[in-house]
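J.: Numbering-wise, the sequence shown is residues 1 to 400 according to our numbering.
FYI, nobody ran anything at the bench for these hints, they're computed from the structure.
Some hints could be false.
Taking lysine-lysine pairs in the BS3-like style, the calculated list, with each CA pair at most 27 Å apart, reads [claimed, not checked]:
# : residue 1 : residue 2
1 : K307      : K19
2 : K252      : K359
3 : K19       : K40
4 : K321      : K359
5 : K321      : K40
6 : K252      : K307
7 : K321      : K307
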Amino acid sequence: MSRVVGTLPVPGVATISFKDEAHSALVLTSPALPKPTATKTITWYAGGSLIEGENAAELAIDERFDSLSVTARVVYANVGYSSTTLNANSIGFAAPGVTENALIWSDEFDSEIGSEPNGEDWHDVTGNGRNSNDPYTPVATGWGNLERQYYLPGSSIIQSMDGATDGKGLLITAQHQVANPNPAGPFDCWYSFSARTGKKYDPPQNCEWVSGKITTEDRIGFLYGHLEARIKSNGTAGTWPAFWMLGQDFQKIGWPGCGEIDIHEGNGAIPNTNWGTLHGYSYWPGGQTSQSTSMIAGWHVYGLDWKPNYIAFSVDGVVYKTINASDLQTSPWNLDLKKNAWEFNKPQFAILNLAIGGKIIGNNNMPVRTGDINTDTKTMQVDYIRYSSLDGYGTLVRYK
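Using the sequences plus the hints, can you model the full thing?
T.: Below you can see the structure in the form of structure tokens.
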């Protein structure tokens with residue numbers, strides 16, 4: 001019996017992509033064998049189940065994969081080493097005959113007044129966004145943006161809503177803790193601690209705001225298709241309403257490698273403008289659209305069109321920015337193995353939140369103290385979120 005001296009080192013990642021524009025096959029790209037005596041075994045999976053008899057680097061596409069997400073796994077082995085497994089990204093397929101705007105999933109937020117969103121699809125985010133592993137670096141805190149809120153469960157509930165299609169919607173509320181202290185508080189935020197010592201100030205500087213953030217992470221994911229939400233906010237300078245997405249592998253590989261898709265970002269200091277942006281290892285491409293009056297104060301439908309190597313942002317059905325994988329440039333985030341990286345051919349989860357303060361668009365949304373905001377309660381209203389197929393693309397991935 002041979003002695004195991006360690007794990008077989010395999011530099012690089014495994015990825016799958018379409019062979020051609022006709023989508024006739026999927027092709028697996030994986031690192032070369034690290035040693036002359038090593039072997040690698042390829043397996044393919046559809047909907048989480050093994051595809052029997054498929055062990056080549058190319059997989060022909062047929063009706064077996066309708067409505068399923070397909071991925072591949074590569075296992076490297078060598079005598080004397082523990083094996084190494086690389087899991088590739090996933091690519092989803094729509095059901096046969098599915099056409100554009102065929103509804104796949106939605107949340108109309110029309111359940112009982114006072115209830116929280118459907119727990120099978122959503123869960124609350126809790127906390128102050130402070131990087132507890134790096135207490136001496138305040139720039140890495142406040143959810144990475146020096147935001148000033150503490151996210152508290154119960155801040156996102158179903159309420160009666162003027163202007164909503166069915167009279168109900170999701171209400172996310174941010175409350176100032178001086179005027180409206182939460183009985184569960186006070187809460188610590190990143191600015192409660194000294195950047196020099198990492199210790200809490202005396203007297204304490206507690207979180208000034210509590211707010212709401214919900215996510216579909218580990219519940220459901222989306223791969224391609226059309227995703228949209230109808231949203232309205234009462235924000236002024238200092239508020240940051242957002243409808244966005246992160247790669248389902250966020251907890252595993254972190255940001256920005258997971259990929260981030262910002263479908264709606266409102267800046268209370270520039271209320272007549274919406275931003276749509278991609279974040280990844282390559283240059284952060286995006287666009288904006290404006291109107292003569294406050295955009296975030298009125299109802300608007302913020303949309304994402306998403307296909308392999310292609311993304312488009314829209315407001316009220318009008319596309320204002322398209323981005324192709326071939327458009328990407330290098331950036332300071334770019335690593336040697338990730339130049340011109342496109343992190344958006346894999347499932348992402350959805351997020352709805354209302355932030356306070358933070359570094360958005362030149363830091364002009366950061367009052368010196370968020371008590372400078374002219375009212376003590378801010379809200380973000382969501383009529384619905386809907387997910388449809390687009391040109392035959394669109395896969396809803398359920399994780400629970």
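J.: Which of the numbered hints are not met once you compare them with the structure shown?
T.: Per hint list: single violation, 5.
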